[in-house]
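Residue numbers (numbering that gives the first Met the number 0), protein chains in the order written: chain A, 0 to 80; chain B, 0 to 80; chain C, 0 to 149; chain D, 0 to 149.
Just so you know, these hints were derived from the structure itself, not from any lab.
Hints may contain errors.
Unchecked claim - Ranges between beta-carbon positions, derived for each pair:
1) 88(C) to 44(B): 28 to 38 Å
2) 2(D) to 70(C): 57 to 67 Å
3) 76(D) to 28(A): 47 to 57 Å
4) 7(C) to 24(A): 52 to 62 Å
5) 55(A) to 131(D): 34 to 44 Å
6) 19(B) to 88(C): 18 to 28 Å
7) 12(C) to 2(D): 13 to 23 Å
8) 50(B) to 87(D): 54 to 64 Å
Claimed, not checked - Straight-line alpha carbon distances no greater than 25 Å define the calculated DMTMM-like cross-link-like pairs of lysine to aspartate or glutamate that follow:
9) 51(B) to 141(C)
10) 62(D) to 43(A)
11) 17(A) to 79(D)
12) 62(D) to 49(D)
13) 62(C) to 70(B)
14) 9(A) to 79(D)
15) 15(B) to 49(C)
16) 15(B) to 62(B)
17) 128(C) to 22(B)
18) 51(B) to 12(C)
19) 15(A) to 49(D)
20) 128(D) to 62(A)
21) 51(B) to 54(C)
22) 128(D) to 61(D)
23) 15(A) to 61(D)
24) 15(B) to 88(C)
25) 51(B) to 70(B)
26) 15(A) to 73(D)
27) 128(C) to 49(C)
28) 62(D) to 23(A)
29) 62(C) to 62(B)
30) 62(D) to 62(A)
Just so you know, even glycine gets a beta-carbon here, dropped at the ideal spot from N, CA and C.
In case you want the letters, here they are:
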Amino acid sequence: MNQQCGIVVKYFASLKEKLGRSEDYFTLTRSMTVSDVWAQLNPELTPPEQLKVAVNLDYVSWDWVVNPGDEVAFFPPVTGG
Amino acid sequence: MNQQCGIVVKYFASLKEKLGRSEDYFTLTRSMTVSDVWAQLNPELTPPEQLKVAVNLDYVSWDWVVNPGDEVAFFPPVTGG
Amino acid sequence: MITIVQETFNPWDALQTYQQQMELRVLRTLGATNVFVGSMRDFNQEVQVERMVLEYYPGMTEKQLGMITAQANEQWSLIDSLIIHRVGEVFPTDVLVLVAVWSAHRADAFEACRFLMEALKSQAPFWKKECVAGQQARWVAENTVGYKHY
Amino acid sequence: MITIVQETFNPWDALQTYQQQMELRVLRTLGATNVFVGSMRDFNQEVQVERMVLEYYPGMTEKQLGMITAQANEQWSLIDSLIIHRVGEVFPTDVLVLVAVWSAHRADAFEACRFLMEALKSQAPFWKKECVAGQQARWVAENTVGYKHY
């Protein structure tokens, strides 16, 4: 896989445990939103309503278009502090 | 002076310096409000508008009636903290 | 606890010491602590303040601080609180006041601590006299209101 | 300064150390410090929590904390701020988070500290998993809103 054409997808906390994995590598073959990325990688699971998504360490909405080289992350509401 | 019939009047901070004294002892000969007490002890000085008054360690208004044995205090707005 | 102190104090040491005296069963219920520390700046209204003298009204000051603490306990769900106020001669960087509030949840600690500070500044009989470089010492006229942003 | 720590820390020691490194010319401008300390209680929603595991998102967590600190600096007049957040395995009475804000005047310190805590709790990627006596470990679902009284 050419890293430049791929994206890294990370999962955290309860989502990571539910999916049983913490990271996916994925090669973009067409223009995709984060919503498309989720559907491609987790077709069996409708994303929980509260699920958050970040691209390159910033929060984005589900219609955000990803680019090759991006780091995408899905995670439940944060509970720190 | 019989302590039981008298009141102690205290002055603090800038008021104490202005008056040049920190305490007066005063024998009540009739029913008096704190306003009367001030007028009796400091006839030459109209009390500054912002001046605070306390009787027995609690804030009171200027029409509060004093009793023998009371501790009356006059002081400028507080500036602690 | 409410204390009036004549000597310089270190707020972090004071908090350490105070919290060390709490029982473990109390410590295990603490979720939130909010602390305010007020210290002496060397400038006030454009003039350089070299030192200050803090006067108070022994008896009334403690009573008023006790009353505002009781009010805070009525209004919020608090586990403990600590007020330490300095009096006497103070110099720049000296701590003037420490207010600390312990509670289970953060809203109570934040709000009660701020309430205590504002109430202290408007009710507790303390007066500051500033000694300004090259000028006669002057009494601070009045405290500012602290809730300016609301 | 923003720090993520893996080990137990004492908030009052941390503040002492941090403030000791400030320059005297900075210390002389400080009028107000507001500190929030969040610690682990042994009860949450009626069940006894024996320990917790705090997960975070290395990189994003620091970035988000940096962004909220920048926002606080835009909105209030601050001299310095410090955020320390614990991750990994924690036990009752352990400190989870410390937020400290230094300013010239108290309203800025109070408001910025509270803003930072609320922003941290809603934006910074940390997740708590509670290990409850006699039950399976469970992820905390969502943080409460802290401004309940306003």
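Holds or violated: are the alpha carbons of residue 62(C) and residue 70(B) at most 25 Å from each other? holds (14 Å)
Range agreement (Cβ of residue 87(D) with Cβ of residue 50(B), hint 54 to 64 Å): The hint (54 to 64 Å, Cβ to Cβ) holds, given that residue 50(B) and residue 87(D) are roughly 59 Å apart.
Sort out whether residue 49(C) lies within 25 Å of residue 128(C), counting only the CA atoms. Status holds; Cα separation ~11 Å.
Pairwise beta carbon distance, residue 12(C) to residue 2(D), judged against the given window 13 to 23 Å: holds (22 Å)
Does the alpha-carbon distance linking residue 62(D) and residue 49(D) stay inside the 25 Å limit? Not satisfied, since the Cα-Cα distance of roughly 31 Å exceeds 25 Å.
Using the C-beta atoms of residue 76(D) and residue 28(A), is the stated range 47 to 57 Å upheld? holds (51 Å)
Given the hinted pair residue 15(A) and residue 73(D), is their Cα-Cα distance within 25 Å? Given that 25 Å is the threshold and the Cα spacing comes to 36 Å, the pair is violated.
Would the hint linking residue 128(D) and residue 61(D) be met if the CA-CA limit is 25 Å? holds (20 Å)
Is residue 51(B) within 25 Å of residue 70(B), Cα to Cα? holds (14 Å)
If you draw a straight line from the CA of residue 15(B) to the CA of residue 88(C), is it 25 Å or shorter? holds (18 Å)
Given a hinted range of 52 to 62 Å, is it respected by the beta-carbon distance of residue 7(C) and residue 24(A)? About 60 Å separates the Cβ atoms of residue 7(C) and residue 24(A), which means 52 to 62 Å holds.
Within 25 Å, alpha carbon to alpha carbon, are residue 51(B) and residue 141(C)? Holds, at roughly 12 Å.
Hint violations for this structure: numbers 2, 10, 11, 12, 14, 18, 20, 26, all remaining hints satisfied.
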